Amino acid sequence: MAAQDSDSDPAAEFRRNESWLFDTTSGAYVRKTAVALLTLVVFAFVLFPLYWMVVTAFKTTAEIQQIPPTVFPNDFSLEGFRLVVESSIQAGGYTSLFANLFGWQASSAIDIDILSLVLNSLKVAVGAGAIALVLGTAASYVLSRRDFVGKNALMSIFLASLMFPGTAIMVPEWELVSALGLFNTHLVLILIYGAMTAPFVVWLMKGFFDDFPDSIIEASRIDQCSSIETFWYVIVPMARNSLIASFIFAFLLAWNELVFALTLLDNSRYTVPPGLLTFVQGFNTQWNVVAAASIIISLPVLLGLAYIQRYFVQGLTGGAIKG
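Count along the sequence shown from 1, add 862, and you get the number used in my numbering.
Because the hints were derived from the structure by calculation, they are not lab data. Treat the hints loosely; a few may be bogus.
Subject to a maximum C-alpha distance of 25 angstroms in a straight line, what follows is the list of computed SDA-like cross-link-like pairs (lysine to any residue) [as the list claims (entries may be wrong)]:
1. K1013 x S1088
2. K985 x N1118
3. K985 x L1038
4. K894 x V904
5. K985 x S1130
6. K1013 x F1074
7. K985 x N1129
8. K985 x S1160
9. K985 x V904
10. K985 x I1170
11. K1013 x L1024
12. K1013 x F905
13. K985 x A1000
14. K985 x T1147
15. K985 x E1035
16. K985 x P1027
17. K985 x V897
18. K985 x L1120
19. K985 x T1029
20. K1013 x F1071
21. K985 x E948
22. K985 x E1091
23. K1013 x D1076
24. K985 x L1049
25. K1013 x T1029
26. K985 x L1167
27. K985 x K894
28. K985 x L997
29. K1013 x P931
30. K985 x Q952
31. K1013 x A1000
32. K985 x Q1148
33. K985 x K1013
34. K1013 x L1049
35. K1013 x V1098
36. K1013 x F1062
37. K985 x L1124
38. K1013 x G1069
Values in this document were obtained by computation on a predicted structure and should not be read as measured data.
Given the sequences, and given the hints that come with them, work out the whole structure.
Encoded structure:
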């Protein structure tokens, strides 16, 4: 009888082998506490550098140099932000305009135009994202919907290209850029960043196209749509979330990349990463200015990503097709 009860009750075997950690109230408290502590450690590791940047931006230079450092500003100061704004006004040639309109005579020992850095980065990042999106989406559609010799090898090459660090190809890239006469142009960064992120777009979008219902494509063919019309008017609108996710990835890589921008551009055409690096001036670095500039530059991107982040998450988890 006991054997029959064991066979009919799927939980009987589990009860005979119950664990204190998973099957008791005290064990549940231990598990929840451990998970909470681990989560707290991870959040502290990830968020503390951001917190430190923010509090540094609101400290005075004297307080930053204190030992031991203060965790929260004792003397709340906007000195860093003031110096960044004055630097941008002076470097951008708006000193006389602000003096006439507001009576504000901007004078700064730092000569860096934040607005110019942001505009340069936006131009490069949007261009690179567009190139990666167009080339990667077209290639992934063909790889998903067509069979040809070398298809698997080509996909492996795309995957392998993502594993190489950018610095590994710096020398040949330099030779190519010099031969084409593209040194110190934003176009060269757009092309390089677009090529670097296109393989990721191929892999992301191919997963979407592989799961795309054949019935929708067949319906468009019945309506006498060509392959290009089917792709542009039917598939692309339904792939919106995955396309946005791909663009965000390419945009962020281009926005944050330092090595190529520092090597292939001079001061007048710097993007954000090498531009921020110029604020670091050895032993005379004003870290409140560096932190304030980082916050000012990051805010537009953070606000934009906060608005479209739901598309990014949905795109990475499968796009708009359900079922």
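Tell me, in ascending order, the numbers of any earlier hints that this structure violates.
9, 12, 14, 17, 22, 25, 27, 29, 32, 33 and 34
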